[in-house]
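Visitor: Spelled out from the first residue to the last, the chains are:
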Amino acid sequence: MSDPVLSARGLAKAFRSGDRRIEVLRGVDLALAEGETVSIRGESGCGKSTLLNLLAGLDAPDAGTLAWGGSPDTGARRRATYLGIVFQSFYLIPELDALQNVLLAARILRGPGAAELARARELLDRVGLAARAAHLPAQLSGGERQRVALARALMNAPRLILADEPTGNLDEQTGGAIIDLLLGLSAETRTTLVLVTHNAAHAAKCARQLVLQAGRLG
Amino acid sequence: MPWYLYLALKQLFPTGRRFPFFTAISTLSVALGVMLLIVVLGVMGGFGHQIRRMIVDTEGEIQIKARGLVGDYRAVVQRVERVPGVAGATPYAAGILMVQYQNKPAFPQMRGLDLPSVDRVVPLGKFVTAGSLDALDDDSVILSEGLAESLGIPVGGTLEIYTPLMLARKDVEVILPHSVRVVGVLRIGHQQLDSSTVYCTLRLAQDLYGLVRDVHGLNVRVQPGADEDAVVARINALLPPEVRAFSWRDSFADFLWVLQLEKNMMTFVLLFVVLVAAFLTMSLLLVLVLKKTREIGLLGALGASRRQIALCFCLQGVGIGVVGTAAGLGLGFTVLHFRNDLVRALTHLTGGQELLARFYQFSELPAHLASRDVVFIVVAALLLSTLAGIIPAVMAARLKPVEALRSE
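Sequence lines, in order, name chains A and B.
The first sequence begins at 287 in the numbering used here and counts up by one.
The second sequence begins at 15 in the numbering used here and counts up by one.
Calculated from the structure, these hints are not laboratory results.
Each residue gets a CB set at the ideal place from its N, CA and C atoms; glycine is no exception.
There could be a bad hint or two in this list.
Said to hold, decoys possible - Facing chain B, according to a computed beta carbon distance under 10 Å, are these residues of chain A, among others: (1) Pro347; (2) Thr367; (3) Ser375; (4) Leu390; (5) Pro398; (6) Arg407; (7) Leu426; (8) Arg438; (9) Gln459; (10) Thr460; (11) Ala463; (12) Leu467; (13) Leu469; (14) Leu471; (15) Gly501.
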């Protein structure tokens, strides 16, 4: 069996609220295989986003270790080369059109050439927005914005996509379409997917379903 | 193009949207500061330049003076004209006269010119507005425009001249004036010279002042591109100790020092306008960082380093500086170009054009901007704008992506 794309062992994270110490994660173990789709569900405030931030390297755990499948990069560069992140609030740059938003991921990694431009166009086509490439985020619907965010997450051909409640700001029908698209793209590109969601139906579409409860995954 | 420069430009000048208010305000503030500096330094420099032109056009770059009178001036002229870098030398006699035309008196300055050599040093001919310099002889004079106007004397009229020498004579009961014809009028453009000067031949001036063959001094013109100070040193090496050469800068050192001081003070004060513009840019960039906190978090999540995020905001300060400075230069040079129209319009409204000319000595507002002044303004504006971008840039770079993404 090949090395896991990402493995976490004994991840722990606590926050301070006044004098109180709130332990959000109490030893999370997780190993993600290549091409695997995993959903993580849990109540609001149970630490799903915190876990995702730790997996993305955006935050440091209080205890535990993370291993990114032999990636030679570290820190910010690893996020650019290894990870694609999809957020609930899309976070598109309002001054850039859809195409440039997708291309931004490649710009940060390296100067965008003709190959990157062609890939950005292809990804926009794949998410059904080829005709909207020149539109600014303000001219797109919520579902369209999230599709642009999906294309951006895939731009640098990451090994792992971390999606933090990507349908949270969308209606049921649009949300369902986004999840299907996300799973389809993940399967097509054999990209590992971690989907954090409240929605049981969406979670059920993933190969492995996990629940975060009392700071542990089960 | 690096992504942080691309994004900085896109945030300053977004595609398909109007010029953003933030960009417009901060750019305009820098532009106004630069424009003020250009206009004020241009006009201050213009005063200095105009004064130089006036001095050099009427007296040459170098003046030679003695403790008393300069004797055997022809030999001095010959020796000076052999000095490398000297284009020509001409003797002069100067003093105060009392003149009268139809019982109207005036007390002008007299300037006695050596006609054979004056053209090599002082291009007075180009300032003649009526009559001709060629018509000048030992029985005639040329008047400055203001003097001719105040006396009401036309070209061809006869002017009566009295000198201090005549007035000092005690052996005559009636002082008879020296009568001369007016053969021309000239206008140099400097109020003081144009208001009250009589130009005559050197011989007439020597007669009027009893100089016999002596002169008061020599004016020297240097060749274009020659180092004036080096030429002065070479001339002084040739002359006896009681006769000395001075460059126009030496002769007007105190005045030029005051002028430079005024210019420096104005620059210092007006730099605060650019500084205020830089503070405005900084505060607007700080607001932008707060507004874009979640986007900064996203950039971190996409793999941007802190240095790159800092550069993205710092470059916005630079961009505002570049565009503001360019606009300020354009505005400043436009105002300088139309300065006299603006002054005329302003004085027409306030009714003080004559007062302006009398007070500032010039009939037109001069302007001269040295390239080093322009370079100083551009560097100062760009430096201050860049510094204005640094604090917001550091603030943006210090944001942790996870906290930035979580911010409301």
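Visitor: Please go over all the hints and tell whether each is borne out by the structure.
Guide: Going down the list of hints, with the structure as the test:
For A/Pro347, the suggested interface contact is broken, since its CB lies about 12 Å from the closest CB of chain B, more than 10 Å. With a least beta-carbon distance of about 7 Å to chain B, the hint placing A/Thr367 at the interface is held under the 10 Å criterion. With a cut of 10 Å, the hint placing A/Ser375 at the interface with chain B holds, because the nearest CB-to-CB distance is about 7 Å. The beta carbon of A/Leu390 is positioned within 10 Å of a beta carbon in chain B (closest approach about 7 Å), and the interface hint is therefore held.
For A/Pro398, the interface hint holds, since its Cβ comes within 10 Å of a Cβ in chain B; the closest pair sits about 8 Å apart. Residue-level restraint check for A/Arg407 is violated (minimum Cβ-Cβ distance to chain B is 17 Å; threshold 10 Å). For A/Leu426, the interface hint is violated, the least distance from its beta-carbon to any beta-carbon of chain B being 14 Å, above 10 Å. Hint status for A/Arg438: holds, given a least beta-carbon distance of 8 Å to chain B, under 10 Å.
With a cut of 10 Å, the hint placing A/Gln459 at the interface with chain B is violated, because the nearest CB-to-CB distance is about 27 Å. For A/Thr460, the suggested interface contact is broken, since its CB lies about 21 Å from the closest CB of chain B, more than 10 Å. For the restraint placing A/Ala463 at the interface with chain B, the shortest Cβ-Cβ distance is roughly 23 Å, beyond the 10 Å limit, so the hint is violated. Checking A/Leu467 against chain B by beta carbon gives a least distance of about 20 Å; that is not within 10 Å, so the hint is violated.
Interface restraint check for A/Leu469: the shortest CB-CB distance to chain B comes to about 22 Å, outside 10 Å, so the restraint is violated. With a least beta-carbon distance of about 18 Å to chain B, the hint placing A/Leu471 at the interface is violated under the 10 Å criterion. The restraint placing A/Gly501 at the interface with chain B is violated, with a minimum CB-CB distance near 18 Å, outside the 10 Å limit.
The structure fails hints 1, 6, 7, 9, 10, 11, 12, 13, 14 and 15 (numbered hints given earlier, in ascending order).
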